[in-house]
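Engineer: Sequence:
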Amino acid sequence: MIAKLNKRSTEPIISLESAKEHLRILNNNQDFYIHTLLDVVTTSIENELERDLVDTEYSLHIYSKINVNEEIYFPNSPVYNVIQVVFKDSSGTEITEGISYVNSDEYIKFTELPEDYNSIVITYKKGFSNAEDIPEPIKHASKLMLSDLFNFRGTIVLGKSVFNLDKTIQRLLQPYRNVKFL
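Following the UniProt record's numbering, the numbering of the sequence shown begins with 1 at its first residue and continues without gaps.
Read the hints as simulated data drawn from the structure, not as lab findings.
All values reported here derive from a predicted model rather than from experimental measurement.
Don't be surprised by glycine CBs; every beta carbon is placed ideally from N, CA and C.
Some hints here could point you the wrong way.
Said to hold, decoys possible - Derived BS3-like pairs: lysine-lysine, alpha-carbon spacing no greater than 25 Å straight-line:
#1 K139 to K65
#2 K88 to K4
#3 K143 to K4
#4 K20 to K65
#5 K7 to K88
#6 K7 to K139
#7 K4 to K109
As the list claims (entries may be wrong) - Pairwise CB distance ranges (calculated):
#8 D116 to E50: 34 to 42 Å
#9 D39 to P78: 36 to 44 Å
#10 N28 to N69: 51 to 59 Å
#11 Y176 to V40: 32 to 40 Å
Please put together the full structure from these sequences, using the hints given.
Structural biologist: Here you go:
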């Protein structure tokens, strides 16, 4: 099985308008810079949580036979929408009949399979369908990180001590972190 990224969303966690309101900016002079920071914040938080937050499309390629009712787990769950399932035979022709499946946010299970196939391609989306559905603590962590990047352009130094907002951001993001067990 191979999971491939098809399309990453360009939508940031928070909108430019919301960011400007949080930063208390009334003009448009720094819109380009703020938009760039929003991209950085979105990528940073997605990396910290080890998950896609806004509407990202993947495809899962399976090159071996599977059994009816076998649960095929998505390598990067949770998944909110299975867009398309394509079976192909040895000549590369798509098979459209004799296919039935159910899925959850973690796996897909085929209740009916075609008799002769060589590969399966499952196209699916993960993350939240749009930025409005992202939980408020994640949005607030985004605003704090944005403020830090915008106002201080890095870490704050007070006297001989280094002050950073990371602890607050970490606490806001902790419940949403993707935990892996070995």
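Engineer: All the hints need checking, so say for each whether the structure fits it.
Structural biologist: Results of checking the hints against the structure:
Restraint check for K139 and K65: not satisfied, since their Cα atoms lie roughly 42 Å apart, outside the 25 Å limit. A hinted pair counts as satisfied when its Cα atoms are at most 25 Å apart, and K88 with K4 qualifies at roughly 18 Å. Taking the CA atoms of K143 and K4, the gap is about 30 Å. The hint is violated against a cut of 25 Å. Annotation: proposed proximity of K20 to K65 is violated, straight-line Cα distance about 52 Å (limit 25 Å).
Annotation: proposed proximity of K7 to K88 holds, straight-line Cα distance about 22 Å (limit 25 Å). As the CA atoms of K7 and K139 are separated by approximately 22 Å, the hinted pair is consistent with the 25 Å bound. The suggested pairing of K4 with K109 holds, with an alpha-carbon distance near 20 Å, which does not exceed 25 Å. Between D116 and E50 the Cβ separation comes to about 38 Å, which falls inside the hinted range of 34 to 42 Å.
The beta-carbon spacing between D39 and P78, approximately 23 Å, falls outside the hinted interval of 36 to 44 Å. A hinted range of 51 to 59 Å holds for the C-beta pair N28 and N69, which are about 57 Å apart. With their beta carbons about 19 Å apart, Y176 and V40 fall outside the hinted range of 32 to 40 Å.
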